[in-house]
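First to last, the protein sequences are chains D and P. Heads up: the first sequence begins at 1 in our numbering, then just goes up one per residue. Heads up: the second sequence begins at 1001 in our numbering, then just goes up one per residue.
Hints are computed from structural coordinates only; laboratory data are not their basis. Some hints here could point you the wrong way.
Unchecked claim - If you want the ones that stay clear, here's a sample from chain D, every Cβ over 12 Å from chain P, calculated:
no. : residue
1   : ASN8
2   : ASP70
3   : LYS319
4   : LEU423
Claimed, not checked - Distance windows between CB atoms, simulated:
no. : chain 1 : residue 1 : chain 2 : residue 2 : range
5   : P       : LYS1320   : D       : ALA266    : 19 to 25 Å
6   : P       : GLU1210   : D       : PRO147    : 53 to 59 Å
7   : P       : VAL1108   : D       : SER164    : 51 to 57 Å
8   : P       : SER1399   : D       : GLU174    : 30 to 36 Å
9   : P       : ALA1266   : D       : SER164    : 41 to 47 Å
10  : P       : GLU1210   : D       : GLU328    : 28 to 34 Å
11  : P       : ARG1048   : D       : GLU328    : 49 to 55 Å
12  : P       : VAL1280   : D       : GLU174    : 27 to 33 Å
13  : D       : THR170    : P       : GLY1023   : 21 to 27 Å
14  : P       : VAL1280   : D       : ARG228    : 18 to 24 Å
15  : D       : GLN182    : P       : ASP1316   : 55 to 61 Å
Stated by the list, open to error - To spell it out: a stretch of chain D is covered by chain P in this simulated footprint if at least three of its residues, at any positions, have a beta carbon under 8 Å from a beta carbon of chain P; those stretches are:
no. : region
16  : 222–235
17  : 251–259
18  : 269–280
19  : 287–301
20  : 354–366
Because the structure is a prediction, the values reported are computed rather than measured. Just so it is clear, CB atoms sit at the ideal spot from N, CA and C, and this is done for glycine as well.
Now for the letters of each chain:
Protein chains: 2
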Amino acid sequence: MYQCSLENMTEKIQTFATFGATGNGGITRYSLSKEAVMAREEFEKRMRKIGASIEIDDVGNIYATIAGEDADAKRIAMGSHVDSVLNGGNYDGILGVLSAMEVLETIVREKIPHKHPLTAVIWTNEEGSLYEPSMMCSGIVCYDYLPPQIQEKYHFEDMMDSKSIVDNKTTFGEALKRSGYQGDKKYRMTPEKYECIFETHIEQGPILEEHHKDIGVVDCVIGLMNYRVILRGQTVHSGTFPMERRKDAFYAASQVLCSLHEQIDALHIPGLVYTTGEVVCHPCIHTCVPDYFEFSFDARHKDPKYLKKVLEILKDCTKKEWSGCSCEIQEAWTRETVYWNQTLVSYVEKAARDLGVSYQYIHSGAGHDAQYLGYMLPTTMIFVQSKGGLSHCEEEYSSPEQCTEGASVMLNAVLMADMAEEL
Amino acid sequence: MYQCSLENMTEKIQTFATFGATGNGGITRYSLSKEAVMAREEFEKRMRKIGASIEIDDVGNIYATIAGEDADAKRIAMGSHVDSVLNGGNYDGILGVLSAMEVLETIVREKIPHKHPLTAVIWTNEEGSLYEPSMMCSGIVCYDYLPPQIQEKYHFEDMMDSKSIVDNKTTFGEALKRSGYQGDKKYRMTPEKYECIFETHIEQGPILEEHHKDIGVVDCVIGLMNYRVILRGQTVHSGTFPMERRKDAFYAASQVLCSLHEQIDALHIPGLVYTTGEVVCHPCIHTCVPDYFEFSFDARHKDPKYLKKVLEILKDCTKKEWSGCSCEIQEAWTRETVYWNQTLVSYVEKAARDLGVSYQYIHSGAGHDAQYLGYMLPTTMIFVQSKGGLSHCEEEYSSPEQCTEGASVMLNAVLMADMAEEL
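Using the sequences and the accompanying hints, generate a full structural model.
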């Protein structure tokens, strides 16, 4: 069994944590921002140093490849993203990129024989926190392989026109051009050139920690439904309009949300999670009763029958008025549970077992670039324990030891895939 | 009794409704915007046409004055604002300016004798919808006369530094400079130069309509308390974190809001209104549980003892956790009930009675420039019926007849003040 270097991994984590550092222990590194470009340049510099060739496709995805013994073999890839949410942490996404770098560096340094070319990938704009949607550029690359309801979210032209949520003006296409990372479409990942792909990622949940496991062998990304819940009332002045005749959309939304919790929680569905994380309020000034309030509703479960039950409750909410306001729901998107390639999953487990790290099987509740790649190529993921289960926040943490274990598991799983006859 | 012209008033309403027209029947006319400058220029042009002299103070307030028979007499003023909220209507604010113009035009056209110089005023940035706070430039002008807790909101330097809520960059001071409306401090309204002031405004509530009255004789602006309610939880990922351990600040805020309604409504306090119109959510993305949610809480009643009861309920909310989130409240501002000058109120009533318009006594629930002027000068207001009680929205409407009645009432009340020995 081969081991990655704790020292090198620690240094990488620390160095990349400076690109976009908030000063509070976390980072804000929006896709294609100055800070993200710094991380990309550091990636390129280090990959060139070990002799990797760099290719950049038309949506800024970067592929750093070291040659294998068989010049005709397809590439085995590893990758994740360098962009973050606002006030995010130092692990979500970037850990998968650092692990891929660490795997390639270890292979080169230790002269580990391998047949296939091996590629470390940075996917552009996974978070979608400045330019929606999330997983944008893995979505574009996998476009032809996606189910229709996901595919329609990733039309190339729509993506280029996606506007910054901050200035509502700059488009993703403009930001891409300005970043200097608009390469050539011919470099996109395809099944003709690539054999399979691995993604190492933090768990973003508390399950591994609770079970005292460092590593998660991921078997699937669980299905989800994502809706917008919209309440419409009437704007009136705060000081002059009698209470009993108001139609307050924020109050109505609060009633709907409390009712949803009451009804859904009463079902006691194990493993179900649902989140109402984004809100829109209009006109959103303290002297006006809101006439419009919208919130996101995202529910996730491996078994579609439970999501169907939740959807029924959501639909029921639209059948009545809430404090005089109408309620409607709009489907934003859904995805079915995506299962990973069973052979790759077994390599990850074998690598973890042989290395003697503590591990368990786990589902991914979050979406990742890997989930779209899974429609195109044999794919799997490796999870690293998240302290307190926290992510998308500055407190996000995995120990250097755990991160190095994750990279070592990926290294050995990649080498098993390298020797496999077929996946 | 003198009458204003229905035809002229109708034309004015229609003309000024074009400055910032949204195409949906309303306007967006932020203070000092291109649209607001168009309205200001039209005001100046028309006032110059009737021989008024124009003065502009250092915060852009415009004073258009026609001379009276007594060159030493103090000025009698009338005024309101031309700025609006986002997607506001064609009456809030602008009606007070149009009425003042109409009064001056009628006096000049009909050669109505008057002793005092008479002034029509535009107050800059009443809504505070782009640059907070509201009633900014009447607040600055009345600064020395305001109670300390209001005064501290209107420090001149703070006002100049107030940042656009849209780009979070442009300051009010910069916008003022760029607008060309930064005049001289010596032109500010003062008690040495001005005798008293009237403000005509739409009711912004449904009371006059319900009672079939066109005109409200306003006796006070009712007191208010304005707080921020803040819930703090923990950001975790939407797909990975078990429900029972979440600390969801938006859900907690919804629970607080529902509980506030339940408790406050149970008190059955006649005339009490409270509004939660502004929200802040962080990080406000659909894949994150919010760790922070803040909403405004504005309650208004003439009698401070009822506001005290509401505050107790608000304070009680901070004594427990809501879905694992802490709750705190912060006082934003409060104001005591401001009573109008009783002599001026009696003139308004006499004018309405003598003109034969339908009227009643009424309180103002909303804040107006007049309320700060009331600390400095004898002040009063005239309300015009609002259809459906709607305001701060595009549906805002008062009929041309009602608007003209309002102007006629102000005209005759101003002429009574002109003849008074003292107020």
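Lying within 53 to 59 Å: is that true of the beta-carbon distance GLU1210 of chain P to PRO147 of chain D? 56 Å Cβ-Cβ, so the 53 to 59 Å window holds.
Chain P covers the region 269–280 of chain D, three or more CB atoms within 8 Å, holds or violated: Satisfied; 8 residues make the cut.
Cβ-Cβ distance between SER1399 of chain P and GLU174 of chain D: within 30 to 36 Å? violated (49 Å)
Outcome for the supplied range 19 to 25 Å, where the beta carbon pair is LYS1320 of chain P and ALA266 of chain D: holds (23 Å)
Do the beta carbons of GLN182 of chain D and ASP1316 of chain P sit within 55 to 61 Å of each other? holds (57 Å)
Say whether it holds or is violated: ASP70 of chain D keeps its Cβ farther than 12 Å from all Cβ of chain P. holds (38 Å)
Assessment of proposed distance window 51 to 57 Å (beta carbons of VAL1108 of chain P, SER164 of chain D): holds (52 Å)
Is the gap between the beta carbons of VAL1280 of chain P and GLU174 of chain D within 27 to 33 Å? holds (29 Å)
Within 18 to 24 Å: is that where the Cβ-Cβ distance between VAL1280 of chain P and ARG228 of chain D falls? holds (20 Å)
Is it true that the C-beta distance of ALA1266 of chain P to SER164 of chain D lies inside 41 to 47 Å, as the hint says? Because 46 Å falls inside the window, the suggested range holds.
Is LEU423 of chain D truly not at the interface, in the sense that its beta carbon sits beyond 12 Å from all beta carbons of chain P? holds (26 Å)
Evaluate the given range 28 to 34 Å for the C-beta pair formed by GLU1210 of chain P and GLU328 of chain D. Given about 31 Å between the Cβ atoms, the range holds.
In the structure shown, a violation is registered for the earlier hint numbered 8 alone.
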